[in-house]
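Chemist: The chain contents come next:
2 protein chains.
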Amino acid sequence: MSIVAVGSIAFDTVTTRYGTKERLLGGTATYFGLAASYFTDVGVLGVVGEDFTAEHENVLRRHGIDISGVQRTSGKTFFWSGEYGANVNEAKTRATELNVFANFDPELPRNYRDSEFLFLGNIDPTLQSNVRHQMNGARLVGGDTMNYWINNTHPQLLETLKVIDVLIINDAEAKSLAGETNLPRAAQKVLAMGPKALVMKHGEYGATIFFREGAFGIGHHPFRAPALPIEEVVDPTGAGDSFAGGFMGYIASQGELNREVLKRAMFYGSVMGSFAVERFGTERLQNLTREEIDARFQIFRELTHLE
Amino acid sequence: MSIVAVGSIAFDTVTTRYGTKERLLGGTATYFGLAASYFTDVGVLGVVGEDFTAEHENVLRRHGIDISGVQRTSGKTFFWSGEYGANVNEAKTRATELNVFANFDPELPRNYRDSEFLFLGNIDPTLQSNVRHQMNGARLVGGDTMNYWINNTHPQLLETLKVIDVLIINDAEAKSLAGETNLPRAAQKVLAMGPKALVMKHGEYGATIFFREGAFGIGHHPFRAPALPIEEVVDPTGAGDSFAGGFMGYIASQGELNREVLKRAMFYGSVMGSFAVERFGTERLQNLTREEIDARFQIFRELTHLE
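Quick note, the sequences are listed as chains Z and W, same order. At position 216 of the first sequence (counting the first as 1) the number is 510 in this note's numbering, and the numbers step up by one without a gap. At position 278 of the second sequence (counting the first as 1) the number is 572 in this note's numbering, and the numbers step up by one without a gap.
The shape of chain Z in the complex, shown without the other chains (with noise of 0.2 Å):
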């Protein structure tokens, strides 16, 4: 297969204007990997308990995702609830219930060892090391973090950083991590931490790729992709993560690495983005064609370019 993702793979309950949804099919990599699916093969890395059923299962094999590194384990899979409020970029959670991925201790099957790209959702920053010491031949790995690590795993943080090529963070945890309120500083600040990129992301106003000198080729101004203003943000549950799972999927489908790959995945991300928050959990992921995808592309550059 073409790209291993690890992260959480959740059931999540959750409140927004437009209602609330029990136990939706959630989690890193879940929403990961079905983004990543319309554009490559993709291997997940997670664990499940015993209310994990084949129904569920079944969403993730009907995208063709390999779920041969999903350990099935005695206890609950990880829980969460939560409400969106007027800002929809921020959550108020209401219950976090870590269940059986309390005791995560992620392990590459051997049929996922020579996939040439790797995404390491936010986990405790050990395991994401471990994961990529596994996968030493990666072409490209893409990772993720949170200001929970930021704050208490912080050399572990540090050792994982230089092994990350691509950071995927937002603007709260980039200016956490560099200590630092000025963006482009804060930036830079991350990128001397070892990355070759960082993709900011800005909740509804887009995200920013910078990156270090000389990464992925010349080039001295950072990129920035918009969000599409939506009307209805239905659920953002897992944005974020479609938004890896699309810039990551389009790069792995494309032979190259270079800063123009990287440019075009960042409009796949934020395709991928505007498609989740459309319905409740995965649903939109879950029934898209590769035409819809194209045609949103194609609205992301009207939106930014001149004739």
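By construction, these hints were calculated from the structure, which means they are not laboratory data. There is no bait here: all hints are sound.
Derived EDC-like pairs (lysine to aspartate or glutamate); straight-line CA-CA distance at most 20 Å:
(1) Z:Lys-483 <-> W:Glu-526
(2) W:Lys-315 <-> W:Glu-384
(3) W:Lys-370 <-> W:Asp-345
(4) Z:Lys-483 <-> W:Glu-525
(5) W:Lys-386 <-> W:Glu-316
(6) W:Lys-483 <-> Z:Glu-525
(7) W:Lys-483 <-> Z:Glu-526
Some but not every residue of chain Z turned toward chain W, in silico, with C-beta under 8 Å:
(8) Ala-380
(9) Pro-516
(10) Arg-518
(11) Pro-523
(12) Val-527
(13) Lys-557
(14) Arg-558
(15) Leu-597
(16) Thr-598
(17) Glu-601
Here the structure is a predicted model, which is why all the values come from computation and not from measurement. Glycine included, C-beta positions come from ideal geometry on N, C-alpha and C.
Put chain W on the given structure of chain Z with help from the hints.
Modeler: Frame of chain Z; chain W shown alone:
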């Protein structure tokens, strides 16, 4: 002349992480006029007090700005003092002394009346309407407002919005005016109040122009211009007015009024805003060349355009 701009002329005392500067020449008419002067002929309409000297006049005159519409009265010029913290998008106001601006009653000099473009800076909407009706032949009228007028002179503002073609406000103002937190829905509500286009400014994330159906030609999508990621934001004061000056100035310099011109104008607005914040006050806007402006326009292209 080509554009008339009405708005404040002020002295600003500004504190940022780069220091404090006292009584810098500022105000909407000043920033707008300087930014627009690189594209077209500008006349400003404002009021100043006895503390406005020949030296201050010369800042505008050197850029060919017509100041025959600047009234001189006894008293002091509008004074503002404020401070920017880590969030450069928001100023903490220490003092606002309206002084002669409190009784401002703009009247168009005869030589301004044939201008084709008008910018109504952020003043009392009743005064905006008065100026607008003194220039009934204008091809395009841009306008700004703020939460104070949205909250306290709502009926008058609604009247003014009927005679503004392009409203240029920030996200918070658009949300407040529309009574709606979703940005594209807020945009639709604002466009229903009269303007043919709405430019929504997102601070360090750039700006989006939304078009009323059929206005300025056909097309179904808004257009987004980023802000330049700037490592040294020395003084954010006047960034919005400089954006408006670049935006309107570029439009006025073009023969046609169509969507493509307005889209390019979004980039020129962002270009002028990006220069404005590089130095305290108007220092950078006073010393630009058209070559520098066009070079930065190319940087905005590289920031946003795929090959």
